[in-house]
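Chains V, H and Z: place on chain B using the hints.
Chains B, V, H and Z are the protein sequences, given in the same order. For the first sequence, this note's numbering begins at 1 and goes up steadily by one. For the second sequence, this note's numbering begins at 1 and goes up steadily by one. For the third sequence, this note's numbering begins at 1 and goes up steadily by one. For the fourth sequence, this note's numbering begins at 1 and goes up steadily by one.
Simulated from the structure, these hints should not be mistaken for laboratory data. A couple of the hints might just be wrong.
Copies of the same chain are indistinguishable here, so a pair counts whether it falls within one copy or spans any two.
Here are the simulated lysine-lysine pairs, BS3-like style, with alpha carbons at most 25 Å apart [to be verified]:
1) LYS314 / LYS276
2) LYS59 / LYS146
3) LYS85 / LYS327
4) LYS146 / LYS92
5) LYS276 / LYS321
6) LYS195 / LYS85
7) LYS61 / LYS85
Listed below, chain by chain, are the residues.
Number of protein chains: 4
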Amino acid sequence: MGSTWGNHIQITLFGESHGPGIGVVLDKLPPGISLDMDLIEKEMYRRSAVNNPYATPRKEKDVVEILSGVFNGATTGTPLAAIIKNENTRSKDYAQLLVQPRPGHADLTGAARYSGFQDHRGGGHFSGRITAPLVFAGAVAKMYLKSQGFEHLPVARILAIGGIEDPCEPTVSELENLSFRDERFPVLHSATEEKMKGAILRAAEDEDSLGGVVQVVTASPPPGLGDPFFDSVESRIAHLVFSVPAVKGLSFGAGFKLSAMRGSQANDPYRIQNGKIVTETNHNGGLLGGISSGMPVVFQVAIKPTASIGKAQKTLNLSSKQVETLKIKGRHDPCIVPRVCVVLEAVTAIAWMECWMEALKNGCIESAD
Amino acid sequence: MGSTWGNHIQITLFGESHGPGIGVVLDKLPPGISLDMDLIEKEMYRRSAVNNPYATPRKEKDVVEILSGVFNGATTGTPLAAIIKNENTRSKDYAQLLVQPRPGHADLTGAARYSGFQDHRGGGHFSGRITAPLVFAGAVAKMYLKSQGFEHLPVARILAIGGIEDPCEPTVSELENLSFRDERFPVLHSATEEKMKGAILRAAEDEDSLGGVVQVVTASPPPGLGDPFFDSVESRIAHLVFSVPAVKGLSFGAGFKLSAMRGSQANDPYRIQNGKIVTETNHNGGLLGGISSGMPVVFQVAIKPTASIGKAQKTLNLSSKQVETLKIKGRHDPCIVPRVCVVLEAVTAIAWMECWMEALKNGCIESAD
Amino acid sequence: MGSTWGNHIQITLFGESHGPGIGVVLDKLPPGISLDMDLIEKEMYRRSAVNNPYATPRKEKDVVEILSGVFNGATTGTPLAAIIKNENTRSKDYAQLLVQPRPGHADLTGAARYSGFQDHRGGGHFSGRITAPLVFAGAVAKMYLKSQGFEHLPVARILAIGGIEDPCEPTVSELENLSFRDERFPVLHSATEEKMKGAILRAAEDEDSLGGVVQVVTASPPPGLGDPFFDSVESRIAHLVFSVPAVKGLSFGAGFKLSAMRGSQANDPYRIQNGKIVTETNHNGGLLGGISSGMPVVFQVAIKPTASIGKAQKTLNLSSKQVETLKIKGRHDPCIVPRVCVVLEAVTAIAWMECWMEALKNGCIESAD
Amino acid sequence: MGSTWGNHIQITLFGESHGPGIGVVLDKLPPGISLDMDLIEKEMYRRSAVNNPYATPRKEKDVVEILSGVFNGATTGTPLAAIIKNENTRSKDYAQLLVQPRPGHADLTGAARYSGFQDHRGGGHFSGRITAPLVFAGAVAKMYLKSQGFEHLPVARILAIGGIEDPCEPTVSELENLSFRDERFPVLHSATEEKMKGAILRAAEDEDSLGGVVQVVTASPPPGLGDPFFDSVESRIAHLVFSVPAVKGLSFGAGFKLSAMRGSQANDPYRIQNGKIVTETNHNGGLLGGISSGMPVVFQVAIKPTASIGKAQKTLNLSSKQVETLKIKGRHDPCIVPRVCVVLEAVTAIAWMECWMEALKNGCIESAD
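Extracted from the complex, chain B is given alone in its bound form (with noise of 0.2 Å):
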């Protein structure tokens, strides 16, 4: 584990926020994978900064440059590095919080963890900016689970910010044809969109933050996809989604509502539609046992309010344990929460793809070529 994840696939991110580049390799990668480097492209710019209003004054390219693991436009089956080089940086910004660390942000928690010798500028290792790897991570696993015939790849999708929440409680069928119109903010009700932008503009303004809830659905994987128990597909999942920073709560399904029901109500009757066995209602999201079902898998994830705003706060001042008053300059994103999403299904899809070759290897499964 560590910066490293995976037993088929094995993906190890590196970088910091300030530092010279980021990057990630994947290692095992079956060879033959085609890379669409527009869709790649399209995933990093989802993730990026760049003419984006409601996103940090950090404006970062993050053009992948591939070293290795990719001749002729296809994965070699060896070990594909991707970096991407830092630019924009503006490492002086930081220097006061050595001293002052921010609260709800890993200043404090990161010396501990390193004994002081962190790369503490922009965040260090702890900057959401090592998501942009994962982006491109997640860019190739798609590619994967589309080259081995998964039909619909896993889609986020906005479900509250700031605690505005979209009323849309749209059907498995609605859910099956999720689409959006931004992908970039991609909410289903169009009201409640225009919303959620203004209250990240108003947040802007007050140098403060928000925080939301995504959920991220993948409408209908193969069956018996997991495990029971440590490699369950909740677990595979959960330890992904919790890598990513600011989450806060993670829940399948109906998730902490399945808690209040009965039984009899919790449980997803079967019947047959269309020659396929499908279940009526769909609180377990699509798992059971820690094994995809068939039907939509579908979770839903919390996202807290980014730690770095402008607006005056308390903090400890750690050579004069003083309680101070800390105004962070650095450039920070009111509300990460549309940028997360394409992460959210990057780490879906990657998840899936660890599940996917744990069935090939077990012959259980085969795929579309």
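Just chains V, H and Z now, with coordinates in the frame of chain B:
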């Protein structure tokens, strides 16, 4: 991964509900952990259904037999294998489930995953029974943590059952002194406890089941444990928590409520108390950047109602392809929430053990020895 | 790692020589491997000392008891746990070894490693006895390989015992048809076999011991298995082979002799034979760049003489700090070379299983099913 | 595994000989290791072909560029990524090898493994060039070991080249004081060194190549490092050593010679010297039961002659299916034995790092800090 978890300590679970026995191998334990057999017995008893009117009529004594890795009352440092024999099985109760899969259970997904080769009896490897060896592993982890100078071990309490919520909102210091009248039914508010017990008995009479919410608190873990990204404390705990059957949600600190706050509210301001850095609030649940801050680590777990209920429900007959009425025989828990508490403590202790060992390995911390 | 090996299949060994039992968990097996219990018994017998005049007087029957992971005669795909009870122990023989460590044995290093907490009786976890569950694991791997269409399983033969060398230098096609008169003492040249047997009995009379060399051949593995670098076939086999107690050397193909050749001699020229690409010579032992070429994979293993001998030898008394004469009681093998053959076949089969599963996972190969 | 090795430290190699760059990620390093950039440069130089008349005409400077994980001259504890750009490539030299695979090389097995998607240029990921980042990783491991109080780091010396053997049989104390006149050609016996150098130049003139044997000695590792079975010191070292291209054999201590001794000869008797427990002989190469005894850990590695030679040789034309004459262009080493010495030191240091960290984690040992 698979049925093995961990890097510094490796835990391998095995067993089926109605096979000869279930068990666990704990590999890579350090030598010299004194095993307190009374504690082990007490922990096993907390999970067991023996003398437990709120639990399944299947009463297994769950006597742990240690095969290896212990000598003269202490761990040797070689793999510790422990088995529990299955004694009280009635396998014929389950024959029908091959044709009539239980809604909400793993009968159908297990058959998809294992190509029909799974042991279906009593849920096989999907049975909650496999959490018994996990509780044993957790007891060993607790002894390890104690021996290393961990002051406060993780403690679980019931927040809600069947929608009945414990109104107590204990302060940080109350949480630190968490103690219960009844460790097999750990509720802070005694009137609520009685209501919950009544609700379980009523659900049992109705041949139905209830779910609930459990909170786990580790009062003051050492600061600096955990990592950013894939080895965040959240990722490790989440991986293990979602391995426990019936878990459908997990939130840290204020969890989903955090997503509706502004940053200025959500950030927990630092101050000094008794010479120690603390935060005024603990919305972040003691974790920042994936790393412990020294504040109580708090999380909530949503448990769905037991899927196996006696009450008639609709399911598909896989032979006739018709929807039929299913009345499950077998013996089941009307509510597993009380029994799951010690399981969640166990996995939390295991997660801390991993984090602690990583810190030892890095030379960032010293054991109490 | 630790006592767990593997990525696609995970093998966890446990047990001490004089504890209640030893065993293994095989995790991540695919479902549906039919278990041939006769083959398992035969393999266990090949390793056992029962009816074996060249082996230790401690005669353990080594009956394998399967606790989980098998249902209706086939693997379920959930963890397969198997245990073997220790029955014939005489632990008092070993008390002196705490003070007088045996030269050439792990008594002293084990105490250093485990801070004195190790179970010293009969060598504890260091005992060659722990290879019994490894042979069981190997038998399962052999069944798996057969079910996947592997034509030729790995076969071990004795090349030398106590300096007596088998003069046979079989051609590639003879190696492919390797078969033996006595699988418990597999020597190609019968006169040499008799000499070896005589030498073992003489060493036993002298209360001394012999070592030897074993060759393992996999006649025609599928080409394309393995990887460059850390997952080379050589690395995987070497990792497992050096896990077997008493192994001190390993060479592939012409091995150390290759180091004295020129490239023009060492390179094996390609040609076509019966429509298949082969090499004229096989100095590289069927492996190039860490990957199987389809030619026989051949390696040699050096086994040291059993460290425990009855003959008087000098050792240090750890209390008195004086050099003293040690006469080991206990019961030991005068030569483990014949018994280690089936162990080396087992680990080779396990290594191939890993490689095969990696290929399946990559979609580079298809199983015979 | 794959291209990632290790549990406590995870090393991920990447790159192809003729791609944009090669590199390594070192994950899970502790914070605070001071990086001695001079040592790194010196180690890289030892492996490089620059100013090296016995090496390939392809002269790469191998400048290491650190992208992350180092701040203010010390490791941060977050992943350390380092890349080396490929500068001196002549890819057109390799076009013919797709049709005419080189005997003794991975051209054909690589195509089988990667379904034809591999980057064939310059051997691609199979190139010995990928050992450059491994040497960098080894340099970091050496610095770590030094900082932890390891007195003597592993040292490699050439035992034989092209059948010319160094007659020196140094005593244990001479081995402990091993030092060389020329670290890029480390031979103890100077007349033999000259003969070896002459033999390499003659082989180069003949457009042929030579192999050899390297010995690696770690003079006095702390006792108690390693484990029985899968994590034996031998298994760890063997795994890494056989990852190095061209290695075909490995023996510990007296190695294959041990197999012809009797136990009474092979066992190394204990005695006390200067208050420390030592053995009179060291046939077991400092390792008993997979664990270090404190005596010098000694092993020998067989290196095959470089497969790529200019001299005409026969190979198969995969298009015409005819045997043809092949004259390899490209630029190659007439003998890689001298360059491989620092690589073998590197992997040995990495193996010790793992063992040491395991001991730290177990609380069995304390660092010098």
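Against the structure, the hints come out as follows:
no.	hint	result
1	LYS314 / LYS276	between (58 Å within a copy, 17 Å between copies)
2	LYS59 / LYS146	neither (31 Å within a copy, 43 Å between copies)
3	LYS85 / LYS327	neither (29 Å within a copy, 42 Å between copies)
4	LYS146 / LYS92	neither (44 Å within a copy, 34 Å between copies)
5	LYS276 / LYS321	between (65 Å within a copy, 10 Å between copies)
6	LYS195 / LYS85	neither (35 Å within a copy, 49 Å between copies)
7	LYS61 / LYS85	both (9 Å within a copy, 23 Å between copies)
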